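Chains as they are written, first to last, in the UniProt record's numbering: chain A, 1 to 468; chain B, 1 to 468; chain C, 1 to 468; chain D, 1 to 468.
The calculated DSS-like cross-link candidates involving lysine-lysine, where the alpha carbons are at most 25 Å apart (straight line), are:
#1 K128/B - K139/B
#2 K128/A - K346/C
#3 K265/B - K223/B
#4 K322/D - K322/B
#5 K346/A - K128/C
#6 K44/D - K146/D
#7 K97/C - K346/D
#8 K322/C - K322/A
#9 K128/D - K346/B
#10 K187/C - K44/C
#11 K149/A - K223/A
#12 K128/D - K128/A
#13 K149/C - K128/C
#14 K44/C - K183/C
#15 K223/D - K166/D
#16 K67/C - K139/C
#17 K67/B - K146/B
#18 K187/D - K67/D
#19 K128/B - K128/C
#20 K346/D - K67/C
#21 K346/B - K97/A
#22 K149/D - K187/D
#23 K322/D - K158/D
#24 K37/D - K265/D
#25 K149/A - K187/A
#26 K97/A - K44/A
#27 K67/A - K346/B
#28 K158/C - K223/C
#29 K346/D - K128/B
#30 K97/D - K346/C
#31 K346/A - K67/B
#32 K44/A - K67/A
#33 K128/A - K149/A
#34 K128/B - K67/B
#35 K44/B - K149/B
#36 K149/C - K44/C
#37 K158/A - K146/A
#38 K322/C - K346/C
#39 K346/C - K67/D
#40 K346/A - K97/B
Hints were generated in silico from the structure; no laboratory data involved. From a predicted model like this one, the values you see are computed outputs, not experimental measurements.
So you can see what is in the structure, the chains are spelled out below.
Protein chains: 4
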Amino acid sequence: MRRKRFYGCYYSKWIDTLLSSGSSKECTLLSINESVKIAPAEGKLGVLIPGIGAVSTTFIAGVEAVKRGLGHPIGSLTQMATVRLGKRTEGRSPYIKDFVPLANLDDLVFGGWDIYEDTAYEAASNAKVLESSLLEQVKEPLQAIKPMKAVFEQEYVKLIHGPNVKTGGTKYDKALALMEDIKNFQKDNNVARTVMIWCGSTEVFHRPSAVHETLASFEEGMKNNDPEIAPSQIYAYAALMSGVPFANGAPNLTHDIPALLDLAKERNLPVCGKDFKTGQTFLKTLLAPGFKARMLGIAGWFSTNILGNRDGEVLHDPGSFKTKEETKLSVLDHILQPELYPILYKDLYHAVRINYYPPRGDAKEGWDNIDIFGWLGYPMQIKVDFLCRDSILAAPLVLDLVLFLDLAHRAGMRGIQEWLSFYFKAPMHAPGLYPEHDIFIQLMKLKNTLRWMRGEDLITHLGLEYYD
Amino acid sequence: MRRKRFYGCYYSKWIDTLLSSGSSKECTLLSINESVKIAPAEGKLGVLIPGIGAVSTTFIAGVEAVKRGLGHPIGSLTQMATVRLGKRTEGRSPYIKDFVPLANLDDLVFGGWDIYEDTAYEAASNAKVLESSLLEQVKEPLQAIKPMKAVFEQEYVKLIHGPNVKTGGTKYDKALALMEDIKNFQKDNNVARTVMIWCGSTEVFHRPSAVHETLASFEEGMKNNDPEIAPSQIYAYAALMSGVPFANGAPNLTHDIPALLDLAKERNLPVCGKDFKTGQTFLKTLLAPGFKARMLGIAGWFSTNILGNRDGEVLHDPGSFKTKEETKLSVLDHILQPELYPILYKDLYHAVRINYYPPRGDAKEGWDNIDIFGWLGYPMQIKVDFLCRDSILAAPLVLDLVLFLDLAHRAGMRGIQEWLSFYFKAPMHAPGLYPEHDIFIQLMKLKNTLRWMRGEDLITHLGLEYYD
Amino acid sequence: MRRKRFYGCYYSKWIDTLLSSGSSKECTLLSINESVKIAPAEGKLGVLIPGIGAVSTTFIAGVEAVKRGLGHPIGSLTQMATVRLGKRTEGRSPYIKDFVPLANLDDLVFGGWDIYEDTAYEAASNAKVLESSLLEQVKEPLQAIKPMKAVFEQEYVKLIHGPNVKTGGTKYDKALALMEDIKNFQKDNNVARTVMIWCGSTEVFHRPSAVHETLASFEEGMKNNDPEIAPSQIYAYAALMSGVPFANGAPNLTHDIPALLDLAKERNLPVCGKDFKTGQTFLKTLLAPGFKARMLGIAGWFSTNILGNRDGEVLHDPGSFKTKEETKLSVLDHILQPELYPILYKDLYHAVRINYYPPRGDAKEGWDNIDIFGWLGYPMQIKVDFLCRDSILAAPLVLDLVLFLDLAHRAGMRGIQEWLSFYFKAPMHAPGLYPEHDIFIQLMKLKNTLRWMRGEDLITHLGLEYYD
Amino acid sequence: MRRKRFYGCYYSKWIDTLLSSGSSKECTLLSINESVKIAPAEGKLGVLIPGIGAVSTTFIAGVEAVKRGLGHPIGSLTQMATVRLGKRTEGRSPYIKDFVPLANLDDLVFGGWDIYEDTAYEAASNAKVLESSLLEQVKEPLQAIKPMKAVFEQEYVKLIHGPNVKTGGTKYDKALALMEDIKNFQKDNNVARTVMIWCGSTEVFHRPSAVHETLASFEEGMKNNDPEIAPSQIYAYAALMSGVPFANGAPNLTHDIPALLDLAKERNLPVCGKDFKTGQTFLKTLLAPGFKARMLGIAGWFSTNILGNRDGEVLHDPGSFKTKEETKLSVLDHILQPELYPILYKDLYHAVRINYYPPRGDAKEGWDNIDIFGWLGYPMQIKVDFLCRDSILAAPLVLDLVLFLDLAHRAGMRGIQEWLSFYFKAPMHAPGLYPEHDIFIQLMKLKNTLRWMRGEDLITHLGLEYYD
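For reference, chain A alone in the conformation it holds in the complex (with noise of 0.2 Å):
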């Protein structure tokens, strides 16, 4: 039997042989015999944080919570989640990081960047989100914890300022200075593998410009203080040059521009982003697929957000704000269809508003009205407020791109992740398609991936065998 080729050299060379292209209009979906090949996850895992603010330290302060029993890493897929194999009678559903080869817990070792001089220990007592009942239990290694001087520009993040920061010299040499961090980050705790994950704030919007294009042109611009380049962008740059797989927690641009991209395949090193999906988009995602599911009409989304930490401090910046809208906005569209649907969603008012409001702090609401229509016009309402708590809900997707990451990276998987759109509001995505927002499908995409690491039949819930 001849298989489809449908998985590329995006996974390195030791899958190439694998593949045999068959005709696609023979059988496109197919049980695998081989499983992909996968290194062992042996030694220490590095994760290295620009940013340890709140999310950062509620995931770093958790991940040592569990690992004393303290508490349970609920909404960490890697940690809790099952991936049903083989038909719905069978009864196969091992846990996720029983099924494919994860790095473990006690494993990891954290470092990081930030503008401010606080531990991790300090910065989390300020941030409030863990009682500090849990904090004192965890103290001794989060203390241990001091940001490196963060690579950082005023007119990137207007509303915020502190004294830990990098100075002199171009960007280029900013870049060097994190690759010696990395450097040492790694040989100071003896870890065998790196990832580098973006918890930093939302810088100002820019697009991609000709300095972004090739990797030439990238260091040329760094040397050349070029203003188009965001420390971010610096991040992501040492981070590929160091063979550090790299994920972006903020909407930023960031390394979605060409010459970081090309980077990465050339690397073969697995990257993926942007802006983590936590609060009000993560039900925005939920609720829009449904209500497309049963062609309910939407005639206008309001959405509102109240919060009281950093990031709203931040977002009170109408150049920060800017990027994020334009990544809470995006999702209706890719979502709904508009020009499949236009009776349906052409003529959708969509608005997204983020206010600073103090008195929340990281318990952040988030309120929308959303106007539906449905059998001949008729009008209907739905409001959905959402109590939540902002780094509770994001410390868990840390830890699983952290984890996926690695994997990915001992995988041979190279370049965007598509399969972990799931965690993001800005999924990366090919060149010339659509990123897809559809939160079950992005599970559904998720969970196939990893079946088809490990050879298992891919899912497609037609179950008509269940009636045979």
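Fit chains B, C and D to the supplied structure of chain A, relying on the hints for placement.
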């Protein structure tokens, strides 16, 4: 190439030859060169409805309005939705109605039974769902629909009373009378095919008993006026004996018993049910899969409804409410799989309330409070307020079920149509299987079934080919 | 017996004699044997309205509908409310309209100005506040109202543009033209008295300046086209110069300046304002007094609105929004008295947002989140979602203000009418005093003023006499 | 000048001389030169509480915390509120606690009864209202409070069961035992005065009957174990017989019967009740007066609650819920006066639901939907979601009632204290009168009573003097 025999005897003789067994180890999912044979949709399609109330008159008036260009059949997949074929990049997304041969709206002919003598026009006017200015424009066809005398028992629906009922004789005599009604309707309207769909009230809760076991015991029971045989079961019996596919829009037991399921299979008739999934449960089956997708725990889910239509009045009776509550409560368990995820869902406290509240009429409101928890157990809350319209949401479901049941009938599909689970709060399913409540899996099942009918590739959302 | 002289010169010559000073130590509050002399409401009452839009046409159409028995003037105290007299046990609660001599609805005659040429019928149809079936029944009188050419300046209202404006000449010339309009309206309609009420747009924020100080400087300014003189001020000037009481339904500065307040006093004309208190602020002035009554602290109050009418469009301009924001924000400070209750209210974070959201039209929605705290500082939250209708709430206020201003005029009351604070978001008040925002104190003030007019005992709710 | 005799015999001998009757035609409201004579608050004040549960332990722990400077007594008028004296411009607003002679927090001594043996510390820990870190700091005084054996009958509170109850003997014997408890408590703690306040469970609904008519019939009934005599009535009897003022925080009938009201008057004891007005009803009595103030109609008001504390558990019993429902439903009728405003309020459909929902514990949530209508009958909706904390809202009410009842006692005021209506869902009132539910009138009554006690002018909010 050999194909696995994964669809079977339910799909009647002409697909049997199409199937040849293959090793499931080699190739489970596949493309099918030949499509299923489907008889053409020629002639008129009779639609017989027990219950000429808010839902059915909104459905009928809507079809008449759509035929006259007065509105769009929003909410109906058969009329509005497309089905994606092949790869995302192929851009093939025909309308479902162009993809499979459905009956045309112009060919629908309506009839029904009710305990009140009101014509469909009068019933629609009383229901106050549609504006009178619209109703006036479809007055003629609505006024022509005079409900036939209903089979009714006060013990099964306590809080409404009407004069237009069949009296005298045993339950079996009433079944014969219904069969006579069906025959006359078919003859008078010169219909080629007929479908029956229950839009009547919720009956009091009862469980399957010995009388429901076999066709013989059931017929014997009707002759003896066995109290365990509900009016809705007499309708289902009459439909199936008349060669008419049957759908159940209420949570009643009805045809979900061996006697009637066997009868359907034996007569090659497709059936489906139970309980239209419209407002709050529709949203619940969107949200719950989303929380599970993200491995967010749920401590409690409190759902309350206020509504003032006849449905609300009937559900004021604890017996009828019990029937409804059972179907409304069951969805979470099946979606969340607490046995697989005890930390997340084992202790979930789920409560559903329905309150008769006359000021609202048909404009039902569903309010949900959901207590979720994330990373390390931190609690969050979601409130959803759905200002919906009961009959506006239900009408397109009636249309789709009528057209899909007729399609299934012409395609030789018989017995329970699990692929129509999408439309029901309590989807009927094969014995030994569990019901599928996740609306996204339901939709994929529905669309993949259509693809399968037409010999198109099924969709898995793996999509690795785009990164070739 | 001697009475304290506690009402004064504002109430004109004929009550001056009525008052005799008494020792406030002895008897402050008292019953008055003689009532205030009020001229009878004979002849027609002209109602002149700058701004023939959603609010004013809903008001006019409503009055016409009420006159024809097509609806009730719900929301209007002058038409629906009673006033309790004497003890609770006396059972004396006449309707306000029977208690004080108000103009009759049949005697109202309407006219106005607008930048669009639409008749009141066309404007009402466009506004989509009232159903077309109702509008048809009052089409005739509405169609007869053709707006006169407006005084308008784009700098003061940025986002709307219309052709029906007075051009050429100085601001003073325009004032004279308005006075000519008033005279012609009075003559054409044979009215005995006239009232003007501003129902136009919100102008951009500006503060009182030197030109607003005296009548002389104001007139000089108009002649010089001083940019500090807003269109609404030209209307107010024209009204007062024509002997017409003036009310301001918008938050504009308008007649809240010494030049025009002195003019009103000098001409014995009552005036009031500013900004109709309708949706969210109405609720806020209910709730805030309640929290204060119970000594519950407030950490934050976030208010957001979505609306899609012309008002929403105008407020999209930051300049106009600033004017509105000022009045909307001020209410909490005055009600909560943070200087008296620093622990409870000093750190209150109050934010108000208005979002233009076309899908809603006039059916505005206001959503509030209130973060309160109680015993030992424990936090609690209240969410209020008000699905209101802007013009439906405003129309009865227009009616009451017209009738009460006319009453006050006939009763010889002049200058600011603080007893009408009940109707305004930013009640005008005597210099040196603070505005009263608590809606219950406002109502008591209003009703006690009516009691005082008719010589009835004022009410204190002490009520110890019932336990005698 | 002569004064109307509008306060009377309830205020005991020493104010009798103060009053001289006047013609109400001349002068109803007046300033009083002499204040009421009030005995000083010397010595310790005993506070005896039937029901050592969430509310009472939050109250006691809070008082101890406030004494130690660990928190503010937020929500308490006696501790936090001011009372305005004289004109708005005088700036005289002393704290209530400085204006009238209240007992000092340091002089309070606590005791109580409960069916469980838990100390107040253990009960507070179980209730999970206050954080354990706070409880630890007041552990000592809380641990010292060991509940005395309770008088309890399962028929009156169905769903809880406890061991710490008085057994044997008639109801009269139990009353004597309670009186013995009181005497011992007073002696052991060397208290100068005592107040009793019911913080126990809601008893099943029962109406006043013959046995409740006179003291003689009541005592006879207790000796005969008459089932119509509830446990709470035995406590009230014991309190009054011991010279102890009594307040009732539950909706129980208790002392709202002639036998006990006569006893209170005879012994010169002030009493008050019933049912602390805390969460949803507190908001309802804010909002309803507001809608009425604006003459907005109400078509329906649906209120639902979810709560998981012992109160929620008890109210799961339909008998107890009936008692609660009665008081919760009554408030709207009295506030809205449908007999006076039939167009607006005659057809109001009002429903109240309480749902036991364990995930929430004491953090009760009340959700209201209010269907209002305005101008010409157009409908609007308001939703209120109150995320409250039952005991946090109730604790300061307990404190105020204890201190005010003691004040009233020392001021010679006896029988029902209507001026404390502010604190109750179902305020007790003079026979023939209706209860006052409007929270703003209640507050004015309370404050004017305090002003009256101290000989200050009452406030009417006429305020015309400022425009002198």
